[in-house]
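Undergrad: Sequence:
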Amino acid sequence: MEDRYAFLAEWFDQHASLLRRFLLFFYITDGSVEMYDLKNRKKYLKRTKCDSVNQEDLFVGNRLNIFSRQLHLVDYGDQFTANKLGSEKERTLALIKPDMVSKIGDILELINASKLMVTKAKMTKLTWSQAEDFYVEHQSKPFFSALVHFMSSGPVVAMELVGDKALSIWRELLGPADSAVALTEAPQSIRAQFGTDAIKNVAHGSDSIAVAARELEFFFPSTVGHGPSNTALFTDCTCCIIKPHAVSAGLTGKILNSISAAGFEISALGMFYLDRAKAEEFYEVYKGVVDEYPVSLCSGPCMALEIHGADAPRTFREFCGPPYPEIARLLRPNTLRALYGTDNVKTAVHCTDLPEDGILEVSLSHASSAQRFDTFPCCPTVRTYTATFSQEQSPLTSPVTRRL
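Heads up: the sequence shown runs through residues -2 to 401, numbered per the working numbering.
These aren't lab readings, by the way, just hints derived from the structure by calculation. Treat the numbers as computed from the prediction; the structure is a model and nothing was measured. Please note: incorrect hints may appear among the correct ones.
As the list claims (entries may be wrong) - FRET-style restraints, in silico, Cβ to Cβ:
#1 N331 <-> K43: 47 to 55 Å
#2 I206 <-> E(-1): 26 to 34 Å
#3 A307 <-> D27: 52 to 60 Å
#4 S165 <-> E323: 40 to 48 Å
#5 D10 <-> N331: 38 to 46 Å
C-beta: ideal position from N, C-alpha, C; glycine also.
Kindly produce the complete structure, drawing on both the sequences and the hints.
TA: Okay, here's the thing in structure tokens:
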């Protein structure tokens, strides 16, 4: 029998308001997929090659875009898959501490170089009580109070890392807990490069698989509405979305570094996934102009940022550059789209076009504390955009299409 991996997968059918469950098969030899409807007990998708699915994407908790349907892998479908992939793919928490949030771009580049994948991320600020709960195992240690005070002193960035032997790779990448010791024993480690002491040591890493599961549940709870809230300010802000192609190409760290180097403040950060319907609604203003935008936006995980500052929508839009990377490279070679975009669809980043939509787009891409970061609500953004076109103006003079 031909080797294949099997997963239990879920897809929310918005038209029927039903959560549909499937058995998803991935054939190792040619990368084709097949789907079986568990409720109706019949084949839903015959064996077909799907370029958007790769073997490294197959792990419990991930989301796959298969022919415009976003499937959530919730469990292994058979013992062979569990034995083969369960022992290979590990999940661990990477928690960037308050004084190193400004170095998140550099740290992400090191993570990418180590072949680990960031599957969840959010910027949050721990309360004193939350910091105590998270570090409860250190409660009897003499440094506990200082640690809790430091961890609740400013924003942190929590990330789920997935990969072969992810726990040991991340801890090795970090180096010894005391940054002074790391300088001697592991001079190339993250703590040796950026750390100060045993508390201000850049980042936290889980000790074991069991601890990782608990810590990931703390920051990314399975129950919607729980867990630490995000850090979005919703004032003097604009929205930036690092597109899926840039995330999958490992450009997130470079883009974040470019944004910070240009003097912009990243006041909130979160990874989320869009399905086709929500992507089309978000990009409805571009319908008939660039129809490929929604397909690109729902092809994988996005990284949403809140950029905070005076006149942020205008200044950051200028920093993103012209919407077409080839033109951007000629006219404004130091802009984000010139540096990281590849074509007219894969432009690396989306940014808010209209100043009045800055807060609205941030509020949509950075869900409230009652929602998950890895979901994206159906968005009424188009109400504002549509109003732009409803004033019987020529599309060529519209503030939006002038940029296309």
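Undergrad: CB of S165 to CB of E323, is that within 40 to 48 Å?
TA: For S165 and E323 the Cβ distance comes to about 43 Å; the hint holds.
Undergrad: Range first: 47 to 55 Å. Now tell me if the beta carbons of N331 and K43 are that far apart.
TA: 49 Å, holds
Undergrad: Is 38 to 46 Å right for how far apart the beta carbons of D10 and N331 are?
TA: 45 Å, holds
Undergrad: Honestly, do A307 and D27 meet the 52 to 60 Å range at C-beta?
TA: 54 Å, holds
Undergrad: That 26 to 34 Å hint for I206 and E(-1) (C-beta), does it hold up?
TA: 31 Å, holds
No hint from the list above goes unmet by this structure.
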